[in-house]
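As they're listed, the protein sequences go chains A and B. If you read the first sequence in the numbering used here, its first letter stands for residue 1, the second for the next number, and so on. If you read the second sequence in the numbering used here, its first letter stands for residue 1, the second for the next number, and so on.
Just so you know, the hints here were simulated from the structure itself, not pulled from any lab data. Just so we're clear, the structure is a prediction, and the values are computed from it rather than from any experiment. A portion of the hints provided could be inaccurate.
The list treats identical chains as interchangeable, and a pair is accepted whether it falls inside one copy or across any two copies.
[As the list claims (entries may be wrong)] Below are the SDA-like pairs computed for lysine to any residue, each with C-alpha atoms no more than 25 Å apart in a straight line:
(1) K278 - P110
(2) K290 - R300
(3) K217 - A259
(4) K164 - R189
(5) K186 - G19
(6) K163 - V72
(7) K290 - N183
(8) K186 - D289
(9) K217 - E293
(10) K290 - G215
(11) K217 - D274
(12) K290 - F254
There are 2 protein chains.
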Amino acid sequence: MSLLVTGSIGIDTVKTPYGVSENCLGGAAVYFSMAASFFSPVRFVGVIGADCPFDLAKVFAGRDVDLAGLEVRAKSKTFRWAGTYHEDMDDRTTDCVELNVLAEAPPAVPEKFRDSKFVFLANTAPKLQLELLGQVNEPVFVAADTMNLWIESYLGDLQKLLKKIDCLVINEDEVRLLAREHNLIKAARKILDMGPKAVIVKKGESGSLLYSSGGEKFLLPAYPADEVKDPTGAGDSFAGGFMGYLAQKGQADFENLKAAVAYGTVTASFTINDFSLKGLQAIKRTDIDKRLEVLRQITRF
Amino acid sequence: MSLLVTGSIGIDTVKTPYGVSENCLGGAAVYFSMAASFFSPVRFVGVIGADCPFDLAKVFAGRDVDLAGLEVRAKSKTFRWAGTYHEDMDDRTTDCVELNVLAEAPPAVPEKFRDSKFVFLANTAPKLQLELLGQVNEPVFVAADTMNLWIESYLGDLQKLLKKIDCLVINEDEVRLLAREHNLIKAARKILDMGPKAVIVKKGESGSLLYSSGGEKFLLPAYPADEVKDPTGAGDSFAGGFMGYLAQKGQADFENLKAAVAYGTVTASFTINDFSLKGLQAIKRTDIDKRLEVLRQITRF
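Next comes chain A alone, as it looks inside the complex (with noise of 0.2 Å):
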């Protein structure tokens, strides 16, 4: 079934322990495409300034991802963002953000893309997020990201967005801020009661745990990675497996949610192997089910 994404564009400068990485392309809807094109084809839709020195089409030639709604701004800049990671590569710091055309209203639904049925909302201000989703006529299954900056500053506008999402994806920081509760089984709860039917906290290197509305859990080890070069991406990444794989299917009970944790986990893991989309560009789908079976079989007793 038809998978829309809506997200940042963004020229990324990334160091870690392993290199540096500079003015190289990122962004939120960049990785979920790049990831979920392996499992579905993705309808993109976001903007960019007109100093954006990547030619999407190229990014993603050969890959099933309709660009109609990339938007080129010629008056505005692309996002920007450099980072640091440190030693421990689930922490990082931010050393320079520029929104720019982030700032500006978001781009428009192209009409084609309207009839979506599976819709991801990358993290932006819930309320165009909000917006974004109202101009899909009838999603079946919408999943949406957010973070520290729209839970402790624009908590209505969340609010309203939870009620109208069927899964929040989200980092154990978030989740603990968001239900101001530090326990995460009492947390992931206190969020289905917020709205979702699902719910599913990601733990960097410790795995995710999926919960249900209907008390459904599904708990996942994150692939073991003894190569992590740069975890840039790795959440959209994530995302982009979980989606993929449930545009894919065509539906979104809890044994395909499941799955698409897992899938969503193994797509993870080469991300972070290598800088950029590096990582993502060098596989193939036999590669995601080849670790996907390793992870099977680790994770099972």
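Based on the hints, put chain B in the right spot on chain A.
For chain B alone, coordinates are given in the frame of chain A:
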């Protein structure tokens, strides 16, 4: 097969956000034995002072724990520990430690325990662990715990110990410290190069990982606990469930090690439900088996 444990018996005072438990029974050998006794008879070796207010025969009444190795030293004082857990129950502050009898010579392994086949050397000075192990004739599977103090200040002794044991059971921070490597997968491999055939890294609420020198891996999330009152003893209860299961099966191939890690995980999940030993005292083996099936079900995809 026979299971021997050597380790501490303590008088603990524990503060958590859920309350205070003053001068309660604790100590690695006590938690271990209580946990292991659900699976296998236990041979107990430990030492207390004349001041110990607990009757261990009563504590273990109805369980197959042989206290022939319990030594009471008339002129010594029992080990005491006081600690506080903060909101993040994975972190604790030690408020007070009185080694007392633990700073003296270790107890002797009784003659009738010397044919023990499965041996757990709970955390103490590696030199004492070696001395205790030297009193066992032909063990088939020896596991040991250790801690920061020994890694930092008695590394030579610890390295000797590592060459004589089959499995090191160690927490996340300790494995990084011992291996001088942040990445847990690389760190685990470095530990295996030091001698043991298997290493188990305990990651608290993030579960555990098991690596073998044969390159086999097993990753298991923690049992999802929404009621954590007192984490004291969780690691020793894990070790107790782990070793108890292996002793019951009488073998320690990788399939059994995996199942043993799962049994250790769920056994520890009961310990943290309540203060001191209450969580373990409240259950039967069937409760452990039920949680094991839940854990199996919520981790399978």
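For each hint, the structure was consulted:
no., hint, verdict
1, K278 - P110, "neither (29 Å within a copy, 61 Å between copies)"
2, K290 - R300, "both (16 Å within a copy, 17 Å between copies)"
3, K217 - A259, "both (13 Å within a copy, 21 Å between copies)"
4, K164 - R189, "within (17 Å within a copy, 46 Å between copies)"
5, K186 - G19, "between (39 Å within a copy, 19 Å between copies)"
6, K163 - V72, "neither (32 Å within a copy, 63 Å between copies)"
7, K290 - N183, "between (34 Å within a copy, 23 Å between copies)"
8, K186 - D289, "between (33 Å within a copy, 24 Å between copies)"
9, K217 - E293, "both (21 Å within a copy, 13 Å between copies)"
10, K290 - G215, "between (31 Å within a copy, 17 Å between copies)"
11, K217 - D274, "between (32 Å within a copy, 23 Å between copies)"
12, K290 - F254, "both (23 Å within a copy, 22 Å between copies)"
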